[in-house]
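From just these sequences and the hints, can you work out the full model?
Taken in order, the sequence shown gives residues 1 to 100; the numbers are from the working numbering.
Quick caveat, the hints were computed from the structure, so don't treat them as lab data. This structure is a prediction, so every number in the text was calculated from the model and none was measured. Every residue, glycine too, gets a C-beta built ideally from N, C-alpha and C. Some hints here could point you the wrong way.
[Unchecked claim] Simulated restraints on C-beta separations:
{"no.": "1", "residue 1": "E85", "residue 2": "K47", "range": "27 to 33 Å"}
{"no.": "2", "residue 1": "K47", "residue 2": "H98", "range": "15 to 21 Å"}
{"no.": "3", "residue 1": "K77", "residue 2": "E25", "range": "26 to 32 Å"}
{"no.": "4", "residue 1": "N89", "residue 2": "T37", "range": "30 to 36 Å"}
{"no.": "5", "residue 1": "K47", "residue 2": "F27", "range": "30 to 36 Å"}
{"no.": "6", "residue 1": "Q81", "residue 2": "P44", "range": "16 to 22 Å"}
[What the hints assert, rightly or not] Below, in silico cross-link-like pairs of lysine to any residue (SDA-like), each with a Cα-Cα straight-line distance of 25 Å or less:
{"no.": "7", "residue 1": "K77", "residue 2": "E54"}
{"no.": "8", "residue 1": "K77", "residue 2": "R43"}
{"no.": "9", "residue 1": "K77", "residue 2": "I95"}
{"no.": "10", "residue 1": "K77", "residue 2": "P42"}
{"no.": "11", "residue 1": "K77", "residue 2": "V38"}
{"no.": "12", "residue 1": "K77", "residue 2": "A67"}
{"no.": "13", "residue 1": "K47", "residue 2": "N78"}
{"no.": "14", "residue 1": "K77", "residue 2": "S41"}
{"no.": "15", "residue 1": "K77", "residue 2": "G100"}
{"no.": "16", "residue 1": "K77", "residue 2": "V56"}
{"no.": "17", "residue 1": "K47", "residue 2": "A67"}
{"no.": "18", "residue 1": "K47", "residue 2": "V80"}
{"no.": "19", "residue 1": "K47", "residue 2": "E85"}
{"no.": "20", "residue 1": "K47", "residue 2": "G100"}
{"no.": "21", "residue 1": "K47", "residue 2": "T37"}
{"no.": "22", "residue 1": "K77", "residue 2": "I51"}
{"no.": "23", "residue 1": "K77", "residue 2": "A96"}
{"no.": "24", "residue 1": "K77", "residue 2": "V65"}
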Amino acid sequence: MKKYFVPLFVLIALFSSYPQQAKAERFYVRVQPNSVTVRQSPRPSAKHIWIADEWVRRGGRYERVIAHWETPPPHHKNWVQGRWERDANHGYYWIAGHWG
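Pasting the structure below:
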């Protein structure tokens, strides 16, 4: 039993350190949702960054996340806005915003 422990441990260590790339699953809609004009409220502080409307997939559909102010996480300074992309064969899909 002991003679199998070290090779098994090495094998587990190798596979657990191997980078796993999760392929993002795209969810398509036929019609791109309309954009909504949101009045930007006053900036709470110099640290806050405006996050425009985002869209999240919930229960087989996209739901709008209303624009808001947010403080960036450590080591991030700017927000890369999400956007709708069109696939000629499938429709529209959302590319989520993220901290850059």
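Hint numbers not upheld by this structure, sorted from lowest to highest: 19
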